[in-house]
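Student: Take a look at the letters that make up each chain.
There are 2 protein chains.
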Amino acid sequence: MKNNPEDKKILKKLLKEAGITVDGSKPYDVAVHDEAFYSRVLRYGALGVGESYMEGMWSSKQLDNTFVRVFEARLEDKIKSNAGLLFYLARSRIMNLQMGKRAYKNAQSHYDIGNELYGPMLGKTMAYTCAYWEWGAKTLDQAQTDKFELVCRKLGLKRGMKVLDTGCGWGGLSIYMAKNYGCEVVCFTPAKEQIKFIKANSKGLSIKALDTTWQDFQTTTKFDRIASIGMMEHVGPKNYRAYLTKMKSFLKEDGIMLLHTIGGNKSSLDIDPWIGKYIFPGGVLPTIKQLSTAMEGLMIVDDWHNMGFNYSKTLLCWYNNFKKSYPSLDHDKYDRRFYLMWEYYLLGTSALFRTRSAQLWQVVLSKNGVAGGYRSIR
Amino acid sequence: MKNNPEDKKILKKLLKEAGITVDGSKPYDVAVHDEAFYSRVLRYGALGVGESYMEGMWSSKQLDNTFVRVFEARLEDKIKSNAGLLFYLARSRIMNLQMGKRAYKNAQSHYDIGNELYGPMLGKTMAYTCAYWEWGAKTLDQAQTDKFELVCRKLGLKRGMKVLDTGCGWGGLSIYMAKNYGCEVVCFTPAKEQIKFIKANSKGLSIKALDTTWQDFQTTTKFDRIASIGMMEHVGPKNYRAYLTKMKSFLKEDGIMLLHTIGGNKSSLDIDPWIGKYIFPGGVLPTIKQLSTAMEGLMIVDDWHNMGFNYSKTLLCWYNNFKKSYPSLDHDKYDRRFYLMWEYYLLGTSALFRTRSAQLWQVVLSKNGVAGGYRSIR
Chain R
154 MKNNPEDKKI
164 LKKLLKEAGI
174 TVDGSKPYDV
184 AVHDEAFYSR
194 VLRYGALGVG
204 ESYMEGMWSS
214 KQLDNTFVRV
224 FEARLEDKIK
234 SNAGLLFYLA
244 RSRIMNLQMG
254 KRAYKNAQSH
264 YDIGNELYGP
274 MLGKTMAYTC
284 AYWEWGAKTL
294 DQAQTDKFEL
304 VCRKLGLKRG
314 MKVLDTGCGW
324 GGLSIYMAKN
334 YGCEVVCFTP
344 AKEQIKFIKA
354 NSKGLSIKAL
364 DTTWQDFQTT
374 TKFDRIASIG
384 MMEHVGPKNY
394 RAYLTKMKSF
404 LKEDGIMLLH
414 TIGGNKSSLD
424 IDPWIGKYIF
434 PGGVLPTIKQ
444 LSTAMEGLMI
454 VDDWHNMGFN
464 YSKTLLCWYN
474 NFKKSYPSLD
484 HDKYDRRFYL
494 MWEYYLLGTS
504 ALFRTRSAQL
514 WQVVLSKNGV
524 AGGYRSIR
Chain U
154 MKNNPEDKKI
164 LKKLLKEAGI
174 TVDGSKPYDV
184 AVHDEAFYSR
194 VLRYGALGVG
204 ESYMEGMWSS
214 KQLDNTFVRV
224 FEARLEDKIK
234 SNAGLLFYLA
244 RSRIMNLQMG
254 KRAYKNAQSH
264 YDIGNELYGP
274 MLGKTMAYTC
284 AYWEWGAKTL
294 DQAQTDKFEL
304 VCRKLGLKRG
314 MKVLDTGCGW
324 GGLSIYMAKN
334 YGCEVVCFTP
344 AKEQIKFIKA
354 NSKGLSIKAL
364 DTTWQDFQTT
374 TKFDRIASIG
384 MMEHVGPKNY
394 RAYLTKMKSF
404 LKEDGIMLLH
414 TIGGNKSSLD
424 IDPWIGKYIF
434 PGGVLPTIKQ
444 LSTAMEGLMI
454 VDDWHNMGFN
464 YSKTLLCWYN
474 NFKKSYPSLD
484 HDKYDRRFYL
494 MWEYYLLGTS
504 ALFRTRSAQL
514 WQVVLSKNGV
524 AGGYRSIR
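As given, the protein sequences belong to chains R and U, one line each in that order. Going by the numbering used here, the first sequence opens with residue 154, and the numbers climb by one from there. Going by the numbering used here, the second sequence opens with residue 154, and the numbers climb by one from there.
Just chain R, same shape as in the assembly (with noise of 0.2 Å):
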């Protein structure tokens, strides 16, 4: 790839729009390391701006804040409401077409990047989903046992509850309702070593851990309550409809469903391409609008909580730990490319929820709507 001079004259003014300056002295300014780096990013936008920081073609000291800058910026709203960038942005994809297809290499299965990663990043909880900070935890265990709190008193658990938690990851909220709520949980995740490691952490616990995904997932049982968490992101919004009416069929006629998801500002169907590729193929951020046209007619909204704030703190601290981490782990598997693409990934999805171009949701749903009303609980 050749690089345009003029590339570089269009970044460095985009990035001023946003108050960055190319190897400028501010802790969120970025320093370029290649020259190539401009070319890369006009070509191929947000996938070139991730796979060149990935191939250290460029950095900044505070990641997340140089985020933050280009978020606030709103320069993608720029870049369309420019015609004269507009073409000559097209122009140049066009020529990246001719050039032939590209040469990187795609990111592992997300989950299967193993749990030596995970432990001490996520911590003893085990929850890879947004933790909630709203009750004056100081730690990210404590934060996230907060946040299973938080589901359980949403559903209101009661002893002997029989309890559905689909994509259940490592099955901390499970263990946690079993333990403390004396609940009978039946739970899945399609990843093998997630339903190892909840059988090995749940013994003379009621907890039934299948090997399943929602799609195969039968039961003739009927729960009182489904705790969807984290799960949604990964359903699609042509199957929205179809998850949420599979959902009700297992739920008895005066269950609640508790779904905690991602959500996005703007209707898609598909995610960042960058996100995408390295971090959650097929993953797409639902809107209000798509979730409320699945459920229209279906379930009765109870309540919806928007805490996506929290998801910025709970980011950071996952960035923190692994850094902290970092050095132990195996760098044969965890090379440097892929601490870049690890960090880019931590410390730009915190900057999307920092400055709210990201939500997270927490919704309850229930059947005819709960009698009696339902009281919200934050």
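It is worth saying that the hints were derived from the structure and are not from the lab. All of these numbers come straight from a predicted model, not from anything done at the bench. Among these hints, one or two may not hold up.
No copy is singled out in the list; a pair is fine if it fits within one copy or between any two copies.
Unchecked claim - Straight line, CA to CA, 20 Å or less: simulated DMTMM-like cross-link-like pairs of lysine to aspartate or glutamate:
| id | residue 1 | residue 2 |
| --- | --- | --- |
| 1 | Lys391 | Glu449 |
| 2 | Lys520 | Glu229 |
| 3 | Lys332 | Glu225 |
Given chain R, put chain U in place with the hints provided.
Tutor: Relative to chain R, chain U alone:
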């Protein structure tokens, strides 16, 4: 209109499915005083039920509980899924159309009905929207004051803030905000009587009350906060986006808007025909789907509170106040038919909210998402 004995058989069977016996002894059973009732209902549907009530053709000792049973039995769904019955009803209605146009007199415009009716019914606050009972209020006045306070806290009001109160009714909230939070309030309503009332009750307060509609309202002021309480129900689905766009244009960059509205479970472009004819001509209940479609890309949803059950109790209070004050009202103006109409309206809608067939939402909106995250207030 000829009475068809088949109609009586069908309607009695339908009511039985809701556990209601014609001329039975339970307080929620219905007493039929005119045999024409059955054919009227089957031919005119929801409109026929209400109009026959206004004419004294039937009654119930506990009309709200009669409605609760009808809503909980989902009679409407049952009728729609019964092909034979649907055909029978369609035929009845075609015959009805051939009988020529009907002669029921339309209601007066709802808000012109007169302060002598609304005063005793609504109580001291004159608030004609859902009250808030969840802080333990023992009286309607307290529950309405708690609602005002809830709105102010959700908006995070501070002394000196400029607040716009759209569709302000008798100005209870505007007065509360100016008096208790020291805000500079601009409010509007197209009802001249309401403007007079506000002016008489806001001496010495920073309240500018304008006699206008949301379409005609213009200002160069940028507001810190906007309260839209019980307004969206009158805006109409095709105007939701225009309404929100206009409100957004009045809002400061870090402003917050609170949208308080009745909500429907199923998207529609009209309302129950009886309610539409006698109570709220042109009213439509928005759904989450319709609202979120209008909001997407325009405003960020910071919170979505469903407090619908509170309306059931509020409407019962209004009914009891109305009933108590009725003897002292002018019976030439408020005749027996008006009494029955008003009773049917208040008790029917109370049952609607009690059975969760309608919702009451308070939605917090901002231009970019509240910086630092929005904390829900309940």
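Student: Could you run down the list of hints and mark each one as holding or not?
Tutor: Comparing the hints with the structure gives:
| no. | hint | verdict |
| --- | --- | --- |
| 1 | Lys391 / Glu449 | both (15 Å within a copy, 19 Å between copies) |
| 2 | Lys520 / Glu229 | between (40 Å within a copy, 17 Å between copies) |
| 3 | Lys332 / Glu225 | neither (43 Å within a copy, 36 Å between copies) |
Taken one by one, the earlier hints fail for this structure only at number 3.
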